[in-house]
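Engineer: To convert a position in the sequence shown, counted from 1, into the numbering used here, add 7.
What the hints contain is simulated information worked out from the structure, not anything from laboratory work.
Just so you know, these numbers come straight off a predicted model, no measurement behind them.
Idealized CB from N, CA, C, for every residue including glycine.
You may find that some hints are simply not true.
For each label pair, taking beta carbons as the anchor points, the in silico distance ranges come out as [claimed, not checked]:
1. S89 - G48: 19 to 25 Å
2. D76 - S44: 16 to 22 Å
3. G58 - G24: 19 to 25 Å
4. G58 - A94: 27 to 33 Å
5. G58 - D25: 14 to 20 Å
6. T68 - D37: 28 to 34 Å
7. T74 - T40: 15 to 21 Å
8. T18 - N59: 24 to 30 Å
9. S35 - K64: 16 to 22 Å
10. V69 - G10: 17 to 23 Å
11. Q66 - P22: 14 to 20 Å
12. D51 - K27: 16 to 22 Å
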Amino acid sequence: MAGVDGTYDCTVKSPLGDQKLTLTVTQSGDAFTGQASGAMGASDVNGTVDGNTLAWKQQMTVPMPMTLDITATVDGDTINGSVGAGAFGSFPLSGMRTA
C-alpha cells in the first residue's frame with residue numbers, strides 16, 4: 008500500500024458542528040483519486056500528492072453551493088489538515104485510517 012492510500016474516517020470542525028466524512032484515497036504518481044462522503048452527500052475527488060500531503064478542491068451544495076479548498080497530511084494512520092471555505096474561513100480536518 009502506498010503511503011497515503013486508504014480509507015479515512017474524518018471530522019471537520021465547522022460552524023455547523025462536527026461534520027463526519029469518509030475519505031478514500033488511491034494514489035497514482037503525484038496525483039490521487041477517491042471519494043468523500045458524509046451526511047451532506049458524496050462526491051468523487053481528485054487532487055495532487057506531494058510527499059504525504061494531499062491537496063484537492065471539492066464542490067458542496069448543502070447548505071449552500073461552495074468550493075472547498077482542502078489540504079491534509081498523512082502521518083502513519085492519521086490525517087490532519089484544513090478545509091478552506093472562502094469567506095467563511097478555514098476549519099480543521101482530522102481523522103484516522105480505517106483497517
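Engineer: All hints are to be evaluated individually against the structure, with a verdict given for each.
Structural biologist: Tested hints:
| no. | hint | in the structure |
| --- | --- | --- |
| 1 | S89 - G48: 19 to 25 Å | holds, 20 Å |
| 2 | D76 - S44: 16 to 22 Å | holds, 19 Å |
| 3 | G58 - G24: 19 to 25 Å | violated, 32 Å |
| 4 | G58 - A94: 27 to 33 Å | holds, 30 Å |
| 5 | G58 - D25: 14 to 20 Å | violated, 28 Å |
| 6 | T68 - D37: 28 to 34 Å | holds, 29 Å |
| 7 | T74 - T40: 15 to 21 Å | holds, 18 Å |
| 8 | T18 - N59: 24 to 30 Å | violated, 20 Å |
| 9 | S35 - K64: 16 to 22 Å | holds, 18 Å |
| 10 | V69 - G10: 17 to 23 Å | violated, 32 Å |
| 11 | Q66 - P22: 14 to 20 Å | holds, 19 Å |
| 12 | D51 - K27: 16 to 22 Å | holds, 19 Å |
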